[in-house]
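There are 2 protein chains.
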Amino acid sequence: MRYYPAPESAIDMPDLIEAVRMAFLDQGNGRCEMPPKSYVTLPGGDFRTMPSYLPSLKTAGVKVVNVHPGNRSQGLPTVMGLTILLDPPTGKPVAVLNATGLTDLRTGAVAAVATHALAPVKKGTLGLIGAGRQARSGLLAIGEIFGIESVNVWSRSQKSAERLAAEFSSFDIRVTSIKQAAGSDLLLTTTPSTSPVIMNDWISDGTHINAIGADAPGKQELDPILLRRAEIFVDDREQAVHSGEVNVSIRDGLLLPDSIAGTLGEVLTGRAGRSSREAITIFDSTGIAITDLAAASEAMKHGEYIELPFLTECEH
Amino acid sequence: MRYYPAPESAIDMPDLIEAVRMAFLDQGNGRCEMPPKSYVTLPGGDFRTMPSYLPSLKTAGVKVVNVHPGNRSQGLPTVMGLTILLDPPTGKPVAVLNATGLTDLRTGAVAAVATHALAPVKKGTLGLIGAGRQARSGLLAIGEIFGIESVNVWSRSQKSAERLAAEFSSFDIRVTSIKQAAGSDLLLTTTPSTSPVIMNDWISDGTHINAIGADAPGKQELDPILLRRAEIFVDDREQAVHSGEVNVSIRDGLLLPDSIAGTLGEVLTGRAGRSSREAITIFDSTGIAITDLAAASEAMKHGEYIELPFLTECEH
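Sequences listed follow chains E and D, in order.
So for the first sequence, my numbering puts the first residue at 1; every next one is plus one.
So for the second sequence, my numbering puts the first residue at 1; every next one is plus one.
Extracted from the complex, chain E is given alone in its bound form:
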């Protein structure tokens, strides 16, 4: 059995985007097994368990990942994770991967796949709402498939926004007001907000929004009026209704589950999609297990690992 302590360093972003796209395509074609993510509440946070099986990659496994918003004060990431991979025909564990950095990269790759499938244009301005790890990986990934003419970044912490802008100075990037950032052609929202930060009035027709931040019950980043105005696509219907951007509006009766226009898998297989150039599209991302399998499989191709004994005595 292998242990990969830093598998994210072995990832090639274009390969990861393609692997994630194939995973969504498999999902759209019903070629995966993926029970809903399950949540366990802990003091100061929670952890999520994400099992799945992806026949096309001949891999199965589970990601275990926490969310503890207070961790930063202890010098720990808010989110840390491990992924276990199994050999499908025997169930034998083949690898354990540190999924902390890998999760950021796969989330960025997912936003890139959704942007490629749903944005009405191939280039334009990118607005970043939130300036943490997911904003960084999203910027890198979207840059691979979208012609980023300029970047407008906003964060509740001006310092965070400035740090991100300094780090990505190879882009035409500036720190702006939230309203200005929201006026971009393409948006990536990655805040942990539990009340809307993006107002309907700020969003122009034809915008595509990757709504990444809301991934647990009670979280939301977008004005409910904007949700009703837009065409909403999700990664997984059940997870989105439970814990995605739409969860609060559905809970409060402001949105019907039936108003979800489709899954990204359905978009990739041609069974759903934006209705017009002018429509606003929202991709509501909760994070699905098969994309973690895809990322782990990519990491195993070139990542450095430690070989571990996995002793098994055959049954009598």
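None of these hints come from the bench; they were simulated from the model.
Small disclaimer: the values here were computed from a predicted structure and weren't measured.
Mixed in with the good hints there might be a few duds.
Pairs count within a copy or across copies, as identical chains cannot be separated in the list.
Result set (DSSO-like, lysine-lysine): computed pairs, CA atoms no more than 27 Å apart in a straight line [claimed, not checked]: (1) 301 with 92; (2) 92 with 219; (3) 219 with 159.
Fit chain D to the supplied structure of chain E, relying on the hints for placement.
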């Protein structure tokens, strides 16, 4: 982060039995978080994901375990597993344990706890139906809390039964017919059967049966008439109805979910129990996640481990 390649070798059975008993007590008192086990189908088998949080042990985590009945032909165990433990207040992974041998020991310890709580006598004859790893760990564990006067062992494979009998020659042990084994005061059934192997007529009043084998939809070891005659206790109601000994009879309308007399946790807290000396009691064990946490915590006390790097870069 620690990796324990063979944590079962560090387990002291009486300590494990006590740790498992405390876990059931916590469950009975509502002091744990435990979503239902989830199943993913694989070619030739499946894997189960079992997350939970046990505040009394200050530990949380997930066991991932497969069941592949054809593995023996490849020299691999049918069941293999890994357990991940997290630090509850930060969610940081603290350990990965090979749960293969540990799962057998905890299943034995669970049978011992149920026997102590539900058998109407403290000593007598033990009947083993099935002669694999779970029969061995069950025999060892039950021997710690029950005066085993003699052991009657039956297996579909006579050779397996003979091997077990030779291995445990310190007991007064013999290979018998299934009917004779079923006539014992205390039973431990550990077969992977999908049709009843124990008939109602063979079972005397006052018998206690630990029904371990059925742990997936479609599996059953006991005559449905026996289920209706007995007082049935389960480890977890939802899991039992879905995949325990009662699952087929409930599916077929032969048994009502309401006829379950209680959980082992309720028995330990005094809210349920056998009604009389003459009643037949069945403990329907599906395997619950908190008992795996308890076993992993025990193993960490004395087990040998490999220290692994778990690199985490703090968020921006």
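Results of checking the hints against the structure:
In this assembly of identical chains, residue 301 and residue 92 lie within 27 Å of each other by CA distance both inside one copy and across copies; the values are 19 Å within and 26 Å between. Proximity of residue 92 and residue 219 under a CA criterion of 27 Å is satisfied inter-copy only: 23 Å between copies versus 37 Å inside one chain copy. Proximity of residue 219 and residue 159 under a CA criterion of 27 Å is satisfied intra-copy only: 24 Å inside one chain copy versus 59 Å between copies.
Checked against the numbered hints given earlier, the structure satisfies every one of them.
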